[in-house]
Amino acid sequence: MTGPADHFSTIPAAVSLRGLTKRFGDRIAVGGLDLTVRAGELYALLGPNGAGKTTTLRMVAGLLPADEGTIEVFGIDARRDPIAAKRITAWLPDEPMLYDKLDPLEYLEFVAGLWSVAPEIAEERAVALLHTLGLWEHRFERCESFSRGMKQKVALAGALIHDPNLLMLDEPLTGLDAAIARQVKDLLMERVRAGAAIVLTTHILDVAERLADRIGIIHDGRLIAEGTLAELRQLAGQNHSTLEDVFLELTGQGPAGQGPAAQPTAIDA
Amino acid sequence: MRRDFTRFFTPGSFGWLIAQDLRLSLRRLQGMFGALKPRTASLILLAALIAFHGLAWPVAHWLGEDGDQRLFYPSLAAGVLFVLFWLVSQSLTGATRALYTRGDLDLLLASPLPPTHILGARAIAIAAEAMGAVAILVLPIANMNVLVNGWRWLTIYPTLLAGGLFATAIGIALALALIRLFGPRRTRVVSQVVATCVGAAFVLSLQVLNLFPEETRENIIAAIERSEPGLFNRHGLLWLPVRAAAGDLQALIFWFALAVGLFALTCLIMGRAFTTSAVQSAGLGAARTKPRAIRFRAQRGRILRHKEWRLIARDPWLLSQLLLQVIYTLPVALIIWRSLGTQSAAAVSVAPAIVVIASQLSASLAWITISSEDAPEFLASAPVTRAEIEWRKLEAVALPLGLFLALPLIGLAFVSPSAALWAVVFAICAASSTALLNLWHPMPGRRAMVMRRHSQSKLIGMMEHLLSLLWAVAMVLTGLGSVFACLPIGLALAVLWFNRPSRATA
Chain A
1 MTGPADHFST IPAAVSLRGL TKRFGDRIAV GGLDLTVRAG ELYALLGPNG AGKTTTLRMV
61 AGLLPADEGT IEVFGIDARR DPIAAKRITA WLPDEPMLYD KLDPLEYLEF VAGLWSVAPE
121 IAEERAVALL HTLGLWEHRF ERCESFSRGM KQKVALAGAL IHDPNLLMLD EPLTGLDAAI
181 ARQVKDLLME RVRAGAAIVL TTHILDVAER LADRIGIIHD GRLIAEGTLA ELRQLAGQNH
241 STLEDVFLEL TGQGPAGQGP AAQPTAIDA
Chain B
1 MRRDFTRFFT PGSFGWLIAQ DLRLSLRRLQ GMFGALKPRT ASLILLAALI AFHGLAWPVA
61 HWLGEDGDQR LFYPSLAAGV LFVLFWLVSQ SLTGATRALY TRGDLDLLLA SPLPPTHILG
121 ARAIAIAAEA MGAVAILVLP IANMNVLVNG WRWLTIYPTL LAGGLFATAI GIALALALIR
181 LFGPRRTRVV SQVVATCVGA AFVLSLQVLN LFPEETRENI IAAIERSEPG LFNRHGLLWL
241 PVRAAAGDLQ ALIFWFALAV GLFALTCLIM GRAFTTSAVQ SAGLGAARTK PRAIRFRAQR
301 GRILRHKEWR LIARDPWLLS QLLLQVIYTL PVALIIWRSL GTQSAAAVSV APAIVVIASQ
361 LSASLAWITI SSEDAPEFLA SAPVTRAEIE WRKLEAVALP LGLFLALPLI GLAFVSPSAA
421 LWAVVFAICA ASSTALLNLW HPMPGRRAMV MRRHSQSKLI GMMEHLLSLL WAVAMVLTGL
481 GSVFACLPIG LALAVLWFNR PSRATA
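Protein sequence lines correspond, in order, to chains A and B. According to the numbering used here, the stretch in the first sequence is residues 1 to 269, in order. According to the numbering used here, the stretch in the second sequence is residues 1 to 506, in order.
Since the hints were derived computationally from the structure, they do not count as laboratory data. Bear in mind the structure is a predicted one, so any value in this text is a computation, not a measurement. Mixed in with the good hints, there may be bad ones.
[Said to hold, decoys possible] Derived BS3-like pairs: lysine-lysine, alpha-carbon spacing no greater than 27 angstroms straight-line:
{"#": "1", "chain 1": "A", "residue 1": "LYS185", "chain 2": "A", "residue 2": "LYS151"}
{"#": "2", "chain 1": "A", "residue 1": "LYS101", "chain 2": "B", "residue 2": "LYS290"}
{"#": "3", "chain 1": "A", "residue 1": "LYS151", "chain 2": "B", "residue 2": "LYS290"}
{"#": "4", "chain 1": "B", "residue 1": "LYS37", "chain 2": "B", "residue 2": "LYS458"}
{"#": "5", "chain 1": "A", "residue 1": "LYS101", "chain 2": "A", "residue 2": "LYS151"}
Working from the sequences, and respecting the hints, build out all of it.
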């Protein structure tokens with residue numbers, strides 16, 4: 001019997017991290033992380049606060065230099081040629097990074113310009129994204145008056161306008177109302193079906209449970225478990241439990257918590 | 001008695017609210033010193049106070065018997081007016097901040113506290129902050145005058161206190177009037193610009209007065225002396241604070257009563273208007289840009305420059321602060337020009353002023369575009385090299401700088417073409433060097449901090465001013481045809497060399 005994990009192992013890697021390490025002084029934020037995400041896969045990276053999720057994503061996005069290890073994005077060595085890797089990557093942080101004095105259209109024009117998207121293609125995509133994300137009516141309003149959720153949507157539109165092959169999203173659904181969250185999820189799934197790879201971090205375990213093809217659990221900068229939800233359940237010995245139970249069990253925060261799993265356990269590896 | 005006193009400070013009482021607002025003011029003051037420890041900040045304040053006392057010593061002698069007694073009252077009046085203008089400017093800024101800053105104001109407005117109490121407590125805090133800003137310069141003059149000219153100068157203390165209350169009443173009334181006039185959306189910016197202009201107005205009017213011939217100035221002073229008893233006469237109502245500051249006890253009592261009365265009346269009458277305006281300012285809708293057809297541009301460099309220009313142009317307060325740098329510098333140049341009186345003097349008066357403006361504006365604009373970038377991580381995640389982004393930002397600085405300087409340079413070219421040519425050369429050198437300094441040593445901060453950006457690095461601030469000065473001196477010496485112009489040029493280049501990035505990061 002072949003599970004989704006086996007299916008993905010035959011597809012070329014969108015992101016390949018080998019021995020990725022980052023230290024802040026004496027503290028190891030990410031320690032020798034090995035991780036592979038395939039094209040057309042939505043990978044959820046879970047972990048308690050301070051586990052190293054955002055640090056990992058920031059290193060892949062080229063915002064933080066890695067101390068050791070390799071980062072490959074669709075075969076490009078991102079440490080050696082960051083510009084080439086950035087060209088096909090989008091990074092969406094948990095706090096939207098916008099220009100308050102610009103309106104959504106001007107922001108999208110700016111992003112499209114940075115990624116050198118042809119104007120006519122960018123205009124078409126901008127219109128479609130603004131409609132999909134419910135921003136069309138607000139296209140001439142400056143971002144300074146937007147709520148956090150609205151800002152998050154503008155930032156997401158910016159991340160999608162250059163049609164990236166790899167999307168790295170840090171808590172993308174935070175601050176979004178239920179209807180827009182559903183639209184965003186549909187939009188992400190559409191990208192995945194089109195062959196993009198998505199790595200997202202979330203504290204909403206339900207999102208990971210419903211959307212992710214595979215889930216990685218990171219703790220103290222190490223990947224302690226990885227696989228589909230069924231595989232993680234099996235690993236935690238809780239066949240009928242929710243992802244929350246499995247997550248708490250594996251990170252040692254559950255009722256019977258004995259600390260996180262001692263050895264990295266990747267079921268599909 | 002003691003019971004009455006403690007009741008004044010019971011939670012929810014007016015006294016308790018005042019204490020709460022004063023505590024917040026103190027926190028804001030501490031915040032101005034950044035990460036400095038309270039002890040270090042106190043030592044800095046103490047050192048500044050000692051220095052100001054030293055500077056006030058000759059002023060005290062000049063105001064005493066050593067000085068020209070004919071100029072005593074005009075000079076004191078100028079000082080008092082300067083302080084009052086300054087206090088009104090500070091109070092207007094404080095009142096606007098009180099109206100627009102949410103946080104605890106929402107909590108107070110939702111509480112059952114009466115509006116007069118809310119405004120009263122906030123007004124006292126505004127007055128305290130305004131007086132605190134002014135006191136550091138004014139009180140050393142009072143203290144030195146007490147030492148040199150006698151105890152009567154202690155009246156400056158209550159005069160300043162009354163001035164603070166008087167100015168706060170005007171500041172609050174002005175802020176509320178602006179909201180009525182311009183609406184809550186525009187008032188924030190309008191009030192910031194008005195506050196800046198009020199602060200600058202008196203300094204500028206003094207400079208304008210200086211441009212008049214000596215005879216005209218003498219006539220103005222004589223006209224005030226000769227005027228009929230009434231408002232403008234030295235014994236009239238308008239001179240109350242001046243006479244109070246000079247030690248006239250009767251005038252002090254009247255001035256104090258007037259200020260306290262106006263302050264109390266403002267809080268009583270405008271309490272409801274204040275809370276209504278605060279609620280209005282909280283419910284502001286979105287600011288809109290001009291509806292237009294969707295037409296994206298292709299060129300990356302153009303897009304990067306346009307973004308910077310849009311962000312600057314859409315921030316009127318920022319523009320007003322930049323303009324102020326020009327306004328403050330030009331009168332000095334005009335005075336030098338007037339005192340020298342010849343056309344060739346333009347090279348040693350107006351031209352160096354243009355060089356100083358170029359370097360200061362360039363530094364401010366470079367800081368705004370580089371250090372005050374709203375989304376630095378987003379730019380870092382884009383497939384563009386850091387060098388290209390920085391280069392585009394510097395390009396973006398050049399256009400507004402050119403626009404600012406074009407008019408005075410054209411004017412100078414009519415008077416002295418050679419001076420204008422040299423001014424262009426040195427302005428480019430000065431602007432490039434301060435922009436590079438900001439590029440090499442970014443000091444991240446919000447745009448609103450543009451005028452306080454040096455609080456993060458006093459050393460860079462000093463270097464910036466030093467470069468301005470060196471290029472301006474080089475301009476003067478070149479204008480005079482002196483070979484010694486090489487000296488400041490060499491020094492400016494040396495300053496840049498020692499601040500180059502490799503050394504800074506080493």
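Review point. So which of those numbered hints doesn't the model satisfy?
Key: Of the numbered hints, all hold.
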